[in-house]
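Asker: Single-letter residue listing:
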Amino acid sequence: MNIENIKLQFPIFSKKINGKPLVYLDSSNSSQKPISVINKLDDFYKNEFSNVGRSIHSLAVNATNKFEETRESMKVFINANSKDEIIFTKNATESINLVATTFGQHNIKKGDEIIITELEHHSNYVPWHYLRESKGAIIKFAPINEDGDILINELEKLMSSKTKIIAVTHLSNVTGTIVPVKEIIEIAHKKNIPVLVDGCQSAPHIKIDVKDLDCDFYAISGHKVYGPTGVGILYGKKKWLEKLPPYIGGGGMINEVKKDKISYAQAPEKYEAGTMPTAEVVAFNESIKFMNSIGIENLIEHEKKLTNYALEKLKKINSVKIIGNPKNKAGVISFTIKEIHPHDIATILDEDGVAIRAGHHCCQILHEKLNLVATARASFGIYNTIEDIDILCKAIENCRKVFDLK
Amino acid sequence: MNLKELYQDIILEHGKSPRNFGKCNGHNHEAKGYNPLCGDQVQVYLKLNNEKNVEEVTFEGSGCAISIASTSIMTELVKGKSLETAKKIVNEFLSMVKTGSEIKTKDLNEDQKTKIMSLSGVKQYPMRVKCATLSWHTLVSALDGKKKRLIQRN
Chain A
0 MNIENIKLQF PIFSKKINGK PLVYLDSSNS SQKPISVINK LDDFYKNEFS
50 NVGRSIHSLA VNATNKFEET RESMKVFINA NSKDEIIFTK NATESINLVA
100 TTFGQHNIKK GDEIIITELE HHSNYVPWHY LRESKGAIIK FAPINEDGDI
150 LINELEKLMS SKTKIIAVTH LSNVTGTIVP VKEIIEIAHK KNIPVLVDGC
200 QSAPHIKIDV KDLDCDFYAI SGHKVYGPTG VGILYGKKKW LEKLPPYIGG
250 GGMINEVKKD KISYAQAPEK YEAGTMPTAE VVAFNESIKF MNSIGIENLI
300 EHEKKLTNYA LEKLKKINSV KIIGNPKNKA GVISFTIKEI HPHDIATILD
350 EDGVAIRAGH HCCQILHEKL NLVATARASF GIYNTIEDID ILCKAIENCR
400 KVFDLK
Chain B
0 MNLKELYQDI ILEHGKSPRN FGKCNGHNHE AKGYNPLCGD QVQVYLKLNN
50 EKNVEEVTFE GSGCAISIAS TSIMTELVKG KSLETAKKIV NEFLSMVKTG
100 SEIKTKDLNE DQKTKIMSLS GVKQYPMRVK CATLSWHTLV SALDGKKKRL
150 IQRN
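Order-wise, the sequence lines are chains A and B.
So that you can map any letter, position 356 of the first sequence is 355 in numbering that gives the first Met the number 0, and since no number is skipped, the others follow by simple counting.
So that you can map any letter, position 23 of the second sequence is 22 in numbering that gives the first Met the number 0, and since no number is skipped, the others follow by simple counting.
Note that these hints are calculated values from the structure, not bench results.
A couple of the hints might just be wrong.
[To be verified] Result set (DSS-like, lysine-lysine): computed pairs, CA atoms no more than 25 Å apart in a straight line:
hint	chain 1	residue 1	chain 2	residue 2
1	A	Lys400	A	Lys314
2	A	Lys156	A	Lys139
3	A	Lys393	B	Lys15
4	B	Lys122	A	Lys19
5	A	Lys314	A	Lys237
6	B	Lys3	A	Lys19
7	B	Lys122	A	Lys15
8	A	Lys393	A	Lys337
9	A	Lys326	A	Lys304
10	A	Lys393	A	Lys303
11	A	Lys190	A	Lys238
12	A	Lys405	B	Lys15
13	A	Lys303	A	Lys181
14	B	Lys51	B	Lys22
15	B	Lys78	B	Lys114
16	B	Lys15	B	Lys122
17	A	Lys108	A	Lys242
18	A	Lys337	B	Lys3
19	A	Lys393	B	Lys3
20	A	Lys82	A	Lys337
21	B	Lys15	A	Lys337
22	A	Lys189	A	Lys108
23	B	Lys3	B	Lys46
24	A	Lys405	B	Lys3
25	B	Lys122	A	Lys320
26	B	Lys114	A	Lys400
27	A	Lys238	A	Lys189
28	A	Lys181	A	Lys237
29	A	Lys206	A	Lys303
30	B	Lys78	B	Lys51
31	B	Lys31	A	Lys368
32	A	Lys393	A	Lys6
33	B	Lys3	B	Lys22
34	B	Lys86	B	Lys103
35	A	Lys82	A	Lys288
36	B	Lys15	A	Lys400
37	A	Lys156	A	Lys368
38	A	Lys400	B	Lys3
39	A	Lys400	B	Lys22
40	B	Lys3	A	Lys15
All chains, please: the whole structure from these sequences, using the hints.
Answerer: Encoded structure:
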């Protein structure tokens with residue numbers, strides 16, 4: 000696998016940032032896009048555009064076919080049983096909101112318990128908090144240790160007859176922890192508790208097999224998997240998608256509409272009201288093809304190499320502290336530098352063309368747990384190279400110089 | 000853009016050793032400022048006397064070098080000023096970092112003008128303007144006697 004050739008597929012890397020080549024280390028936030036995805040968006044609007052699923056003219060038929068091809072690709076990508084288990088949403092955030100809202104409507108009542116973990120992104124906490132507010136549900140947080148690993152024993156202790164659902168991330172966007180979700184799902188299912196997996200971070204980094212995991216729901220954002228913004232998916236087991244009520248009401252999600260009653264379409268249409276981000280869904284297929292062309296095993300190996308190299312190099316810089324030391328770690332490294340606030344780090348690194356993220360990364364619970372206000376984060380994608388990490392480390396040394404620290 | 004314009008020696012020095020840090024004795028006004036996007040927080044304590052002059056002003060909080068330095072410098076500049084003058088200085092500061100306008104007030108001496116102008120480089124970094132302005136907005140809340148927590152997103 001030649002990374003330089005892969006990098007050439009991403010037009011953004013021909014741009015200079017502050018006169019320097021772009022070193023993009025913010026893929027956990029959103030990944031850059033290969034030319035095939037960009038071209039597809041352009042091509043679809045220029046040559047193929049039509050709304051899907053409604054009209055019977057040629058353009059509509061073609062657009063509908065393309066739209067459904069993405070659903071089929073996604074089914075294969077995550078190894079779902081049927082393409083009807085794939086619902087298009089705006090992003091993983093909306094996917095989780097969809098489950099919290101529809102599941103909450105009939106299955107959550109006052110005093111019922113929802114378990115999440117201290118690793119969760121705000122998007123896998125706030126939607127459940129709504130149920131705490133509206134239904135009087137109780138949210139329990141499974142604790143993590145200093146390494147950033149979830150204490151599975153403690154999580155198991157929280158499960159009770161009142162637990163209605165468990166929502167857990169597959170990969171932490173701060174510590175890079177790869178969570179043993181399969182183990183958690185096995186324990187939960189023994190107690191008849193369904194599990195939602197937030198796969199927003201894992202989708203671009205690890206192999207996803209929803210059949211093997213046996214998860215009840217899985218949420219993914221397209222824009223983190225080298226795809227367009229505005230499109231995500233929710234995988235849901237057929238039994239749930241049949242049982243749960245619809246989410247947003249409108250065109251396309253109905254069966255029959257009368258003055259006194261309305262019946263709803265089957266999944267996935269039941270959950271896809273209104274005009275969907277058509278071009279984005281069609282172009283999203285190109286990002287799945289791009290991922291497949293590389294091969295997830297190659298991608299994992301490349302990111303493992305980058306992560307190990309980066310950890311080794313960063314640990315040699317005395318002032319740098321790496322946040323968390325999980326048993327299994329993906330290409331996400333959060334760190335602090337002694338006496339320099341992460342915002343200042345991000346500004347100084349940007350001057351060298353190095354794009355990182357600074358702040359709480361939408362994980363205030365996790366930061367509070369680790370006694371931190373903010374951290375700096377470097378996260379990797381398929382286009383990153385060993386040289387990028389060398390530039391990062393040099394730029395970090397420069398922070399100390401700018402701040403006149405030894 | 001030039002990092003040295005942003006991180007001038009005055010800023011680095013105030014960032015490292017902020018003046019007027021901590022609670023002040025007998026404060027009769029205080030306000031909290033918080034930026035939910037980055038987690039920066041600041042608490043400004045004021046002692047306004049009967050003539051509405053700022054007798055004491057101190058702060059507590061956590062943030063980046065820009066935010067700590069900006070707050071430290073602010074406390075030095077408004078201490079001893081009347082409420083009206085303090086607000087005038089705040090407005091001049093805010094338009095300097097947002098629009099690049101000059102500091103014209105005669106209420107600051109040359110040394111104070113140098114200090115306030117050391118923060119003018121922030122204008123070149125739009126994402127950092129909020130770091131510099133949070134405490135100044137919080138000061139206004141404190142001057143107005145508002146107890147409410149100020150939440151500034153940008």
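Asker: Would you mind marking each hint as holding or not holding in the structure?
Answerer: To see whether the hints hold, each was checked on the structure:
1. Taking the CA atoms of Lys400 of chain A and Lys314 of chain A, the gap is near 18 Å; set against the 25 Å cutoff, the hint holds.
2. Restraint check: the Cα-Cα separation between Lys156 of chain A and Lys139 of chain A comes to about 11 Å, which is no more than 25 Å; the hinted pair holds.
3. Taking the CA atoms of Lys393 of chain A and Lys15 of chain B, the gap is near 23 Å; set against the 25 Å cutoff, the hint holds.
4. Taking the CA atoms of Lys122 of chain B and Lys19 of chain A, the gap is near 22 Å; set against the 25 Å cutoff, the hint holds.
5. Between Lys314 of chain A and Lys237 of chain A, the direct Cα distance comes to roughly 47 Å. Violation of the 25 Å bound is thereby established for this hinted pair.
6. Proximity of Lys3 of chain B to Lys19 of chain A is assessed by CA-CA distance (about 18 Å); at most 25 Å being required, the pair is judged to hold.
7. Between Lys122 of chain B and Lys15 of chain A, the direct Cα distance comes to roughly 22 Å. Compliance with the 25 Å bound is thereby established for this hinted pair.
8. The suggested pairing of Lys393 of chain A with Lys337 of chain A holds, with an alpha-carbon distance near 16 Å, which does not exceed 25 Å.
9. Annotation: proposed proximity of Lys326 of chain A to Lys304 of chain A holds, straight-line Cα distance about 16 Å (limit 25 Å).
10. Of the supplied pair hints, the one linking Lys393 of chain A and Lys303 of chain A holds, its CA atoms being roughly 21 Å apart against a limit of 25 Å.
11. Of the supplied pair hints, the one linking Lys190 of chain A and Lys238 of chain A holds, its CA atoms being roughly 18 Å apart against a limit of 25 Å.
12. A distance of roughly 14 Å separates the Cα atoms of Lys405 of chain A and Lys15 of chain B; the hinted pair therefore holds under the 25 Å criterion.
13. As the CA atoms of Lys303 of chain A and Lys181 of chain A are separated by approximately 21 Å, the hinted pair is consistent with the 25 Å bound.
14. Between Lys51 of chain B and Lys22 of chain B the alpha-carbon distance is near 20 Å, which keeps this suggested pair within the 25 Å criterion.
15. Proximity of Lys78 of chain B to Lys114 of chain B is assessed by CA-CA distance (about 14 Å); at most 25 Å being required, the pair is judged to hold.
16. Taken as a hint, the Lys15 of chain B and Lys122 of chain B pair is honoured in the structure, with Cα atoms around 22 Å apart against an allowance of 25 Å.
17. A C-alpha spacing of about 17 Å is found between Lys108 of chain A and Lys242 of chain A, which places the hinted pair at or below 25 Å, so the restraint holds.
18. Between Lys337 of chain A and Lys3 of chain B the alpha-carbon distance is near 20 Å, which keeps this suggested pair within the 25 Å criterion.
19. This hinted pair checks out: Lys393 of chain A and Lys3 of chain B have alpha carbons roughly 18 Å apart, not beyond 25 Å.
20. Between Lys82 of chain A and Lys337 of chain A, the direct Cα distance comes to roughly 50 Å. Violation of the 25 Å bound is thereby established for this hinted pair.
21. Taking the CA atoms of Lys15 of chain B and Lys337 of chain A, the gap is about 12 Å. The hint holds against a cut of 25 Å.
22. Of the supplied pair hints, the one linking Lys189 of chain A and Lys108 of chain A holds, its CA atoms being roughly 22 Å apart against a limit of 25 Å.
23. Between Lys3 of chain B and Lys46 of chain B, the direct Cα distance comes to roughly 35 Å. Violation of the 25 Å bound is thereby established for this hinted pair.
24. A C-alpha spacing of about 18 Å is found between Lys405 of chain A and Lys3 of chain B, which places the hinted pair at or below 25 Å, so the restraint holds.
25. For the hint pairing Lys122 of chain B with Lys320 of chain A, the CA-to-CA distance comes to about 31 Å; that exceeds 25 Å, so the pair is violated.
26. Between the alpha carbons of Lys114 of chain B and Lys400 of chain A the distance comes to roughly 22 Å, so the proposed pair stays at or under 25 Å and holds.
27. With a C-alpha separation of about 18 Å, the suggested pairing of Lys238 of chain A with Lys189 of chain A holds against the 25 Å cut-off.
28. A threshold of 25 Å between alpha carbons decides the hint, and for Lys181 of chain A with Lys237 of chain A the separation of about 19 Å falls inside it, so the pair holds.
29. This hinted pair checks out: Lys206 of chain A and Lys303 of chain A have alpha carbons roughly 14 Å apart, not beyond 25 Å.
30. Between the alpha carbons of Lys78 of chain B and Lys51 of chain B the distance comes to roughly 12 Å, so the proposed pair stays at or under 25 Å and holds.
31. Using a Cα cut-off of 25 Å, the hinted pair Lys31 of chain B and Lys368 of chain A holds, with the two alpha carbons roughly 23 Å apart.
32. The straight-line distance between the Cα atoms of Lys393 of chain A and Lys6 of chain A is roughly 22 Å, inside the 25 Å bound, and the hint therefore holds.
33. Annotation: proposed proximity of Lys3 of chain B to Lys22 of chain B is violated, straight-line Cα distance about 32 Å (limit 25 Å).
34. At roughly 14 Å between alpha-carbon atoms, Lys86 of chain B and Lys103 of chain B fall within 25 Å of each other, so this suggested pair holds.
35. In summary, the hint linking Lys82 of chain A to Lys288 of chain A is supported, as the alpha carbons are separated by about 17 Å, within the 25 Å threshold.
36. Between Lys15 of chain B and Lys400 of chain A, the direct Cα distance comes to roughly 15 Å. Compliance with the 25 Å bound is thereby established for this hinted pair.
37. Proximity of Lys156 of chain A to Lys368 of chain A is assessed by CA-CA distance (about 20 Å); at most 25 Å being required, the pair is judged to hold.
38. Taking the CA atoms of Lys400 of chain A and Lys3 of chain B, the gap is about 11 Å. The hint holds against a cut of 25 Å.
39. Between Lys400 of chain A and Lys22 of chain B the CA atoms are separated by roughly 33 Å; this puts the pair beyond 25 Å, and the hint is violated.
40. Our distance criterion of 25 Å between C-alpha atoms is met by Lys3 of chain B and Lys15 of chain A, whose separation comes to about 21 Å.
Violated hints, in rising order: 5, 20, 23, 25, 33, 39; the structure is consistent with all others.
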